[in-house]
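> Chains as they are written, first to last, in numbering that gives the first Met the number 0: chain A, 0 to 248; chain B, 0 to 600.
Calculated from the structure, these hints are not laboratory results. Be aware that a few hints might be false.
[Claimed, not checked] Have a look at the derived ranges for each label pair, beta carbon to beta carbon:
#1 B:Q345 <-> A:P123: 53 to 61 Å
#2 B:G577 <-> A:Q19: 39 to 47 Å
#3 B:K321 <-> A:I223: 34 to 42 Å
#4 A:G11 <-> B:L457: 34 to 42 Å
#5 B:K321 <-> A:T1: 21 to 29 Å
[Said to hold, decoys possible] A short, non-exhaustive set of chain A residues, derived as facing chain B with CB atoms under 10 Å:
#6 W9
#7 A17
#8 W50
#9 K97
#10 A110
#11 T119
#12 K124
#13 K142
#14 C143
#15 H154
#16 V155
#17 E177
#18 D184
#19 D187
#20 K216
Cβ atoms here follow ideal geometry from the backbone N, Cα and C, with glycine treated the same way.
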Amino acid sequence: MTYDLKLRIWRGDAKGGALQDFTVPVDDGEVVLDAVHHVQALRAGDLSVRWNCKAGKCGSCSAEINGRPRLMCMSRLSDFPKDEPITITPMRTFPVIKDLVTDVSFNYVKAAEVLAFTPTAEQPKAPFRMAQVDVERSQEFRKCIECFLCQDVCHVVRDHEENKQAYAGPRFFLRYAELDMHPNDALDRKKLAQEERGLGLCNITKCCTEVCPEHIKITDNAIIPMKERVVDVKYDPIRFLRRKPKAKV
Amino acid sequence: MATEVETHAYDVIVIGAGGAGLRAAIAAHDAGAKTAVICKSLLGKAHTVMAEGGIAAAMGNLWPEDNWKVHFRDTMRGGKLLNHWRMAELHAKEAPERVWELEQWGALFDRTPEGLISQRDFGGHRYARLAHVGDRTGLEMIRTLQQRAVALGIDVFMECTVTALLKDGDRMAGAFGYWRETGRFVCFESPAVVLATGGIGKSWKVTSNSWEYTGDGHALAMKAGAGLVNMEFVQFHPTGMVWPPSVRGILVTESVRGDGGVLKNSDGERFMFNYIPEFFKAETADTIEEADRWYTDKKNNRRPPELLPRDEVARAINSEIKAGRGSPHGGVFLDIASRRSAEYIQKRLPSMYHQFKELAQVDITKDAMEIGPTCHYVMGGVEVDPDSGESKVTGLYAAGEVAGGMHGANRLGGNSLGDLLVFGKRAGEYAARYAANLAGSGPVVHADDLEAAATEALAPFSTEGGENPYSVHQELQTVMQNLVGIIRNEEELNTAIKEIDSLRRRIDHLSVEGHRQYNPGWNLAIDLKNMLLVSEAVAKAALERKESRGGHTRDDYPMTDYSYWGKRNLICELAENGEVRTREQPLPEPPPELAELLEEH
Ligand code: SF4
Ligand code: SF4
Ligand code: FES
């Protein structure tokens, strides 16, 4: 069924901007990104928005919908009341480029700081032998679509520009955890995350986990185990030596 | 020229940052070339991310009987023997190495009980052959390559669109484009250019492709003087979502069928048994019992007809719908719920589970999915030398979906990701080698070419009261969907060519609002030119090929013609007057020892 939907979309650039009202015809089965596309095609051809897959797989269409960080392509209109306007604003933690598009280069800087996967001396060359149970933990983290919604919501950087320098953020704690739990990685990732990438600043509020569209348990499965094991590593050198228990394959 | 243009100099530039582009850049960098990647989106968002099923590589981890020869044969037969044999050979031989390389760089594939890379079944592949990670293999591949490229320190120009290739005489000299963020122009001086721009699917209405898939590389290559081969062959993936309308076309992975899912019509009949073509009779099960036994015993049973190559399955679904045996929303049913446990489905197909749950409110562990064909992939592309990936134009290379030949008339699932890796690496290496050998005698960019490219790109801003690019795009999609779809005929193709021609006249008078900064209307106006040129090539090649084969079905020529068309490729080139011209060219013939493999069963 089609109906007229009211949208309030933030428009502007680095110099400033404001919410602008639009009304467009939409269909029940559509998602917020469709509504934004209707605005582009019918009302404002120069409205800036990022998207690629329209299926929750590429992590391009992140924005704040009624104040909540979400993927526009995975937000069904039927989940919102028909008679109330939907407000769409750009991610707040990152500087605006134009309209709904933000400068997410912060994340690419943090990505470049990660030391690449480094195979162990025992298995230096692929094909590796690794058991499914051993790769599974890291596989959960590799589901990340880099939408950066967790980075957007994390209060350590959301309201504290000054923390950005020293803080990798939940998406990259995930990456450190992934490499740490990789059954064939040789480097000590925990220490690095704790001492140089700001893991200590995270106080486990779990807001990142709540917004993750991939339902990755960022806090429980990546951050907390990293923090715990940092403690282990600090006080128990024996544990350190066998920090990557492996199943027999 | 009048305004200063930001300029960068490289040995090799790669246009596109999907699997092929990143693999090419890594190879060029490893070969010592100063390399840059230029991409329309952010790094890591390219279409490769959407690939679900896996990478076909005859590693033999599950079936020791598997080897490159079997993979070669499957690829050629799947492509209805119109593939360039040498590409199919190189691909089959090199894919396993390329997969292990990903593992070396940190990819985590699903494992066998022995701890090796697990392999899954897919349409047209004789053995379980696809290395995978659940149903998000493309994401794993792009992340791995992206992380590798970043670790190597390769320069990446993100959200940057190339609008023209620059030449110096007959050779490549670089590329011209604009930053999406500011709309400012940028020039890349580079003797070697690798096109890795992907496909063309955004010209169809029902498509699994993203906005990036506007055939940029195909069009740039033609304009630079290269030829396109096999453009009449467009793959409609049999299983795209059909409901709700907003998700129409979004891909439903073939793994659903590889893992046991079956297709049913509104009578509940497994209709694929009625559509087994002569060509595949000997290797396809003809009873439900045999088909079901195959999943566990491949030696003594033949494969289920649901796993025929994609063109066969898409046509069958099309016929069922036309015959009035479709599902409520104009598709057919894909059922895995009644065949596998909920736990198995969630484990093997997590992102399909998620996608249907959140976008269609369907629980695929309980109910059947409604699916129908969706435009997915173009087999045609830049004609290249199989070993080096170089086109007819010196210094211009192509790899991945934008290159043609490898897949013939139809691509097998799982052969795309392998193609990206194998030929991405080759193109990058050869491009670097070519650039290195130039020493001192490199090409130069000419100022008037820059001027011309800038004027062309800005044209939509100087037109007042012209047409809206969004509506022209929608019209093109309707033309291609209705007239150059799965089933074609002479009359419709002729109409399509006329319509495309008139749309082409109209895009000279597009106007866009706003200014150059991050302006999707302007960006679309530029991309539309490429879409129209490539659509013209597809329609003209389709009109020319008077037979049915793979991803090209003519209801006025329903038979496959082995004696004439089976020995010919169609090449599309740009004529003086700016129109696409087609010509026939003999199909390269495989040497006897490879030809022999094609006969065996
Ligand atoms: S749990 Fe840590 S990383 Fe996640 S939002 Fe809270 S403070 Fe940030
Ligand atoms: S962890 Fe989740 S929320 Fe964060 S970037 Fe990845 S997918 Fe997005
Ligand atoms: S468009 Fe890809 S996640 Fe929304």
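> Please test the hint of 53 to 61 Å on the beta carbon pair from B:Q345 and A:P123.
35 Å, violated
> Given a cut of 10 Å on the nearest C-beta pair, is the interface hint for A:K97 held or broken against chain B?
Holds, about 4 Å.
> Please check whether A:V155 passes as an interface residue: C-beta within 10 Å of a C-beta belonging to chain B.
Since the shortest Cβ distance to chain B is 23 Å, the answer is violated.
> For the restraint on A:A17, tell me whether the closest CB of chain B is nearer than 10 Å.
Cβ of A:A17 sits 16 Å from chain B, so the hint is violated.
> Any CB of chain B closer than 10 Å to the CB of A:D187?
This interface hint is violated because 16 Å lies over the 10 Å limit.
> Can the hint on A:T119 be confirmed by a CB-to-CB distance to chain B that is less than 10 Å?
12 Å, violated
> Tell me if the interface restraint on A:C143 is satisfied: Cβ within less than 10 Å of some Cβ in chain B.
8 Å, holds
> If you take the shortest Cβ to Cβ gap from A:K124 to chain B, is it below 10 Å?
7 Å, holds
> Measuring from beta carbon to beta carbon, are B:K321 and A:I223 in 34 to 42 Å?
56 Å, violated
> At a threshold of 10 Å, is the proposed contact between A:W50 and chain B supported by beta-carbon distances?
Holds. Min distance 7 Å.
> Should the interface hint for A:K216 be scored as holding, given a Cβ-Cβ cut-off of 10 Å against chain B?
14 Å, violated
> Please verify that hint: A:A110, Cβ, nearest Cβ of chain B, below 10 Å or not.
Holds, because the Cβ-Cβ distance from A:A110 to chain B comes to roughly 6 Å (cut-off 10 Å).
Of the numbered hints stated above, those contradicted by the structure are hints 1, 3, 4, 6, 7, 11, 15, 16, 19 and 20, listed in ascending order.
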